Amino acid sequence: MAKKTGVSWAHSEIQLGEWTPTKAKSKNIGEVLRMPANILANASLSSDSLYPPALARQALSAFMLRQTTLDVIDVIRQQAEKSVCDGVIALDGPRGVGKSVTLLQTATHFAKEGWIVFYVSQPVQWVNGTEPFEPATANSPTTIYAQPAVAARILNHLLKLNGRDRLGQIKVADGRNVADVAQEGISDPSRSQAALDEILAAFAVDGKSRPRLLIAVDQVNTFYSTTAYHDTASKPITADKLAAVRSFASIFSLAKKLPHASLLCAADKSDTQHRAPVLAALLEAAKPIATKNTGKSEPTIGKRYHDVSKIDEFGVLLPKALAPASYDPLASATDLHPKIAGAIAVPAYDLYEVASAAAYYSDCGVFSNDVRIDRDFVEKELVLTGGNALKLHRRCLSL
Amino acid sequence: MQRALATAAATASARRPCLHSSLLRLAPLPTALLRPAHVRTYAFPSSSSSASSSSSTFRPNPAYDDILANPHPAPRPDSLAYFTGNPRYFAAVASLNALIRKHRLNFRDTEQYAHVQHKPKWMTMDEMAEYLEFRLVKGTYEELVHKLNVLFAAQAMDGAIATTLQTFVKPGATLVTPSRPTASLDEFGRSYSYGSRKTAKAQAWIIAGTGQVYVNGVHMSEHFAQAEDLEAILRPLVLAGGVAKYNVWALVRGGGQSGQAAAVAVAVARGLCVHEPPLAPIFKDEGLVVIDTRQVERKKTGQPGARKKNTWYVDDAADVKNKHYLLAALCSYAIASYLSGSSVKLLTRDGFATGRTSHHTFYIIIATTHSAQTEFRPVCKAQAFLSLQFD
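Chains X and Z, in that order, are what the protein sequence lines are.
Residues in the first sequence are numbered from 1 upward in steps of one, following the UniProt record's numbering.
Residues in the second sequence are numbered from 1 upward in steps of one, following the UniProt record's numbering.
For the record, the hints were derived by calculation from the structure and aren't laboratory data.
In this text, all values refer to a predicted model and were calculated from it rather than measured experimentally.
Among the clues, some could well be false.
Said to hold, decoys possible - Only pairs whose alpha carbons sit at most 27 angstroms apart, straight line, appear in this in silico DSS-like list of lysine-lysine:
(1) Z:Lys245 <-> X:Lys380
(2) Z:Lys284 <-> X:Lys380
(3) Z:Lys119 <-> Z:Lys138
Claimed, not checked - Far from chain X, some chain Z residues (derived; all Cβ distances over 12 angstroms):
(4) Gln112
(5) Ala129
(6) Ala336
Using N, Cα and C, we set each Cβ at its ideal position, and we do this for glycine too.
With the hints as constraints, model all of the structure from the sequences given.
Set out below in structure tokens:
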């Protein structure tokens, strides 16, 4: 293995390579790499962290490079070459297969390459009722709610990830640079939402004079779900009524077309509180993007949702179990539905990836008993977990 | 039989030539034995001593036919076994021995039928006793079965063997056991197998693959949460060394998690035996292909569970009711005894009554004077002390 940098587990120090753009090569597939120090410096255990809180735990700050990550990087790069972004690239797959990790790796890769990256790791914090919200326009009947703290945090993360130098090159409509606008929004939360909208509008204007743009959003299902908030009539508020969500949803729906930009998203299948049947139906119907791993993707066992676009002449409304998207409150808000250009199925681990992960855990001293990493062990773990990375991780910790 | 009787008669006549020598010389077979069985014959001496009567065949007086007729005619025995204590058994053995001698079979060799895989289901010892009226012991029965197996192995020599052996086959069975169809792979290379545990029933289709195990349409890691259940399902594959070599599609219903897992495990083991028959004895030794037929035992009435019994306990509710009744009765008795002046025990004329239930003891003392109260209270271990003071 290549030169390693340290990551400490409970009882041992493991030397690992660092995830940099130079590592994004096929020869490094299967290697466990550690996130760069400057990225880890911005990771914290708090819920408003730029990165997932798990990244702050050193033992969990290492990830295996997979072919899927390289495929996603290629697809993003190809999409950014287009004059106008033609849709959202969605990462699909069952829970624990590695969608969020792939998204993180992709975002950090392009951030290192000099792209402008909007990385939203925990939008669930916007909709789970933990952030203050207020009507966007006072003294007027409106259904749009602003979350000043959320918008300020988004701007703060934008500055942390991209730096003032990179953002200073881009001008907003009134001539100020994006970095200054972001800083104003952070300083004055009451203006944060407006600053965010200004910045996004600036990105939509010109794409040739600025670096390539990547908007990567994890837990995108929260954008199309019901929130934990209620209006004055005690009716639940859907996510499209939140200004911060609308800012990104309008981009994902291509209401605002971004030149030389890529849109990447991943849904959180483990969140049962914020399910988005509409998004699930759209992902189900999305065209799969051919990658090198297409042949290894898990075979689908039948469609889970009926195709509601094809209704017979009687206009029969299917039951909720068959067509949950038809009963989604956001089913009728077609202007906010994301335009999914294609879906990349993140496959489960294959035999060699399981072996690599098992070897890493063995080096870290995770196994409590004297477990010998041989082919039989790897095959058994592959069959027991189905190649699911999360289940493999939990199972190795329990051995 | 006739030859034996003739020999016996000749012997008898040789000993007593004066009695029936004329009869023996004239008839090659004893005519008395040829008479109908229902007519009993006796040797009556002729009334006349004339030579003509002694030279002619003796015939009893027909007038005595009715008297001499045997009201209980016995069937003529057709076998020597009639004279044994186990006639039907010996007759059967004689027929079997005749066949063995006829075909010169080596009835001492047990290896000659060791190659026969599907022997008929012979009657058990009890069934032979019931249906064939054999009186057998274990050793005799085993010898009989041995002869039956010897003849069964050689039944191709003679069709009569099969006819004879059919008599000894278990009721409802046939001499030739229909061969059980062995499980095999279908046209797609899949095996089908079945397993169960408690109320869980599982079906499994196994095909060569890459280690995908799906239960009820989802991966087994999604269907079963417990690691023990997953390990149980994989155990046959691990033992067979084919963890990542077969794909399993299982359908299971009924029971709980562990029951379903065990049912799928049995089905997987049986399916693997179809793919790899040499695994069958190994799995059988490990007990992987045998269905555990144990079921949950029902609860019985009067008990808290199937086997759990009630412990001894005090019926507090009944005891309280009894306590109240007793208290009331004792009070009444004490008051009555006081009023009547007939004290039960005490030296004074005060009323006193005692009684107890299983847990409570009552002493009712009616003390009319202060001194009596003082006197009796310390010695009284009463849980209820009723004191009525009248002055």
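Outcome of the hint check:
1. Z:Lys245 <-> X:Lys380: holds (11 angstroms)
2. Z:Lys284 <-> X:Lys380: It holds: about 23 angstroms lies between the C-alpha atoms, which stays within 27 angstroms.
3. Z:Lys119 <-> Z:Lys138: holds (20 angstroms)
4. Gln112: At roughly 47 angstroms from the nearest Cβ of chain X, Gln112 (chain Z) sits farther out than 12 angstroms, so the non-interface label holds.
5. Ala129: Correct as stated: the minimum Cβ-Cβ distance to chain X is 56 angstroms, above 12 angstroms.
6. Ala336: It holds; Ala336 (chain Z) is separated from chain X by about 75 angstroms at its closest Cβ, greater than 12 angstroms.
Of the numbered hints given earlier, the model fails none.
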